[in-house]
Amino acid sequence: MQQFMNAGGGSLAGSGGLAGAIRSDRGGQLFLCGLLAVIIVVPVLNLLVPEGSALHMSSYTVTLLGKYITYAMLAMAVDLVWGYCGILSLGHGAFFALGGYAIGMYLMRQIGTRGVYGDPVLPDFTVFLNWKELPWFWHGFDSFPFAALMVFLAPGLLALVFGFLAFRSRVSGVYLSIITQALTYALMLAFFRNDMGFGGNNGFTDFKDLLGFSLQSPATRMVLFLCTALSLGGTYLLCRYIIASRAGRVIQAVRDAESRARFLGYRVESYKLWMFVLSALLAGLAGALYVPQIGIINPSEFSPANSIEIVIWVAIGGRGTLYGAVVGAFIVNYAKTYFTAALPSMWLYALGALFVLVTLFLPNGVVGLMAQRLRRTVPDAAPADATVVPK
Amino acid sequence: MTSPWAGLTGRSRSSSSPRVEAAAARGIALYLEDITVSFDGFRALNALTLYVDIGELRCIIGPNGAGKTTMMDVITGKTRPDSGSAWFGQNVDLLNLTEPEIAQAGIGRKFQKPTVFEKHTVFDNLELAMAGNKSVWSTLFARIAPVQIERIEEVLQRIGLLEQRRAIAGTLSHGQKQWLEIGMLLMQDPQVLLVDEPVAGMTPQEIERTAQLLTSLAGKHSVVVVEHDMAFVRSIARRVTVLHEGSVLAEGSIDEVQAHPKVIEVYLGV
Numbered sequence: 001m002q003q004f005m006n007a008g009g010g011s012l013a014g015s016g017g018l019a020g021a022i023r024s025d026r027g028g029q030l031f032l033c034g035l036l037a038v039i040i041v042v043p044v045l046n047l048l049v050p051e052g053s054a055l056h057m058s059s060y061t062v063t064l065l066g067k068y069i070t071y072a073m074l075a076m077a078v079d080l081v082w083g084y085c086g087i088l089s090l091g092h093g094a095f096f097a098l099g100g101y102a103i104g105m106y107l108m109r110q111i112g113t114r115g116v117y118g119d120p121v122l123p124d125f126t127v128f129l130n131w132k133e134l135p136w137f138w139h140g141f142d143s144f145p146f147a148a149l150m151v152f153l154a155p156g157l158l159a160l161v162f163g164f165l166a167f168r169s170r171v172s173g174v175y176l177s178i179i180t181q182a183l184t185y186a187l188m189l190a191f192f193r194n195d196m197g198f199g200g201n202n203g204f205t206d207f208k209d210l211l212g213f214s215l216q217s218p219a220t221r222m223v224l225f226l227c228t229a230l231s232l233g234g235t236y237l238l239c240r241y242i243i244a245s246r247a248g249r250v251i252q253a254v255r256d257a258e259s260r261a262r263f264l265g266y267r268v269e270s271y272k273l274w275m276f277v278l279s280a281l282l283a284g285l286a287g288a289l290y291v292p293q294i295g296i297i298n299p300s301e302f303s304p305a306n307s308i309e310i311v312i313w314v315a316i317g318g319r320g321t322l323y324g325a326v327v328g329a330f331i332v333n334y335a336k337t338y339f340t341a342a343l344p345s346m347w348l349y350a351l352g353a354l355f356v357l358v359t360l361f362l363p364n365g366v367v368g369l370m371a372q373r374l375r376r377t378v379p380d381a382a383p384a385d386a387t388v389v390p391k
Numbered sequence: 001m002t003s004p005w006a007g008l009t010g011r012s013r014s015s016s017s018p019r020v021e022a023a024a025a026r027g028i029a030l031y032l033e034d035i036t037v038s039f040d041g042f043r044a045l046n047a048l049t050l051y052v053d054i055g056e057l058r059c060i061i062g063p064n065g066a067g068k069t070t071m072m073d074v075i076t077g078k079t080r081p082d083s084g085s086a087w088f089g090q091n092v093d094l095l096n097l098t099e100p101e102i103a104q105a106g107i108g109r110k111f112q113k114p115t116v117f118e119k120h121t122v123f124d125n126l127e128l129a130m131a132g133n134k135s136v137w138s139t140l141f142a143r144i145a146p147v148q149i150e151r152i153e154e155v156l157q158r159i160g161l162l163e164q165r166r167a168i169a170g171t172l173s174h175g176q177k178q179w180l181e182i183g184m185l186l187m188q189d190p191q192v193l194l195v196d197e198p199v200a201g202m203t204p205q206e207i208e209r210t211a212q213l214l215t216s217l218a219g220k221h222s223v224v225v226v227e228h229d230m231a232f233v234r235s236i237a238r239r240v241t242v243l244h245e246g247s248v249l250a251e252g253s254i255d256e257v258q259a260h261p262k263v264i265e266v267y268l269g270v
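Residue numbers (the numbering used here), protein chains in the order written: chain Y, 1 to 391; chain G, 1 to 270.
Simulated from the structure, these hints should not be mistaken for lab results. As the structure is a prediction and not an experimental result, all values here were calculated from the model. This list has only true hints and no planted wrong ones.
No farther apart than 20 Å at their CA atoms in a straight line, the calculated lysine to aspartate or glutamate pairs in the EDC-like style are these:
| id | chain 1 | residue 1 | chain 2 | residue 2 |
| --- | --- | --- | --- | --- |
| 1 | G | K113 | G | E208 |
| 2 | G | K78 | Y | E258 |
| 3 | G | K78 | Y | E269 |
| 4 | G | K78 | Y | D256 |
Let the sequences and hints guide you as you build the complete structure.
Dropping the structure here:
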């Protein structure tokens, strides 16, 4: 379990690069294998197994899984800055929502004359508001490449400007967390306003098609699902490469002893800034994959509580491992799906209790517990069940 | 390997004062003149003037609040003085540079409390400290070269941590962390090493090894040591500067300084 002790990677022989990083990353290998299995099994169960069969997977389940995977990407983006840079962002929901809004604007333009008011250019809500022409910032969103660019540009620019100002002023710790909360809250209030031109509190919904393919067809949904799963795998590999590189070890050094890093000649601010921007880009991509699958985006995605929940996913899964974020996102969101259906009034209590219990008993999260059990059971073959209860 | 002094000597600055010219002739590594720093009316440094020669080992002593740490903060760019000038060699104005730029220019600083990257291995600590391009982009694709591994091993040997190279730095003893931090400074190839209380909390054996290490560094580097332990200062210093209330009270050999009536009055407490 060497990799859990030496989270920094960094081999003496200098066998760097992605291959070297993955070779020493047992948990990551397990995660990638699991993801590959999902990519193979889900299309088979959904498209090939006949609908009457007990093994058939409904499109509803595929969409639900796709949603969880976008959340997992978002959690991974948060883990990159929180687990490795020590930047506790309580505003990552904003980057996710901006990515979602960017693709949402494209999907709105694709509706065309099929909307309620049938206007070929104006989206429904602008007709409803009695606007005569398209607001300037809606131009270009009829083109998919432009919208795809905006998926990255909008959250990336926001993170760049925000991060530049915050890190240059050496704002850190709880102050930074509070400012990120304020950022997402301010955006939520702005997007709630009708005259902002983003659909007000209804946001965007009733999407028809993406690149000419109907969003209702199972095949389109499956392609979207596969793109999402592949993006999660790509995100993992990218983050793992960065963490294992010297730059990745520098950001962990900054997390552990910022002034030491600065007096060694590292421009600490730019390391933090670029990791923050990268994390925002990944969150934006996750949001852009979320919206076409879920079929709606509205300002509640900016709500401060949403962003706090992401941090809870990461804490529960185990921060500073990347795959722990995925595990946490799945556990919490599965529990959420279950609770909000079975005992809706209990969900927030359950979430709070889960967070408290994990903080008290599992400081390294669920994957930390699994690693601990493996360490205990592997060296001495004796069953360790009696001793694993953490005190 | 080229001398770390290359680039520091021989060139003259265009806007140099006669004093600076004189300093250059003597081979001065660090040059502080009339530095004043106040915090809310309290003068931490009061017209401090101090020269450190190339390759010398200088000890700075003084009672608490004399301005020793503030002086290091000014040299390393952490604190900007209200007035005065600070030059590194003849052509580097320290007051115009940021902390990372000063570090890159060749001034290394060891903190009072040993500060190493606790979650990284000893080897990684030294690798991260290594001189070179430290921008995000270049570290993202950096590969360690065989010659760099040799260099790291050389430093490991020197600080006596060759066997602990794979150990996580957080598991080292207090003394070993101090040496690792000094090793990290050496990896930067600095011309000036500022060392804040290197032997605080060390055992007598560790103190002796630290003394050997620091004296062996003088000559190739200028070493400025701030220390309270007078026995240790006596064992390493050739020249001692006494600070008091933000300015230099006395300067000379340890015997001269200890015999100085003012020093006896304010510091040695006789």
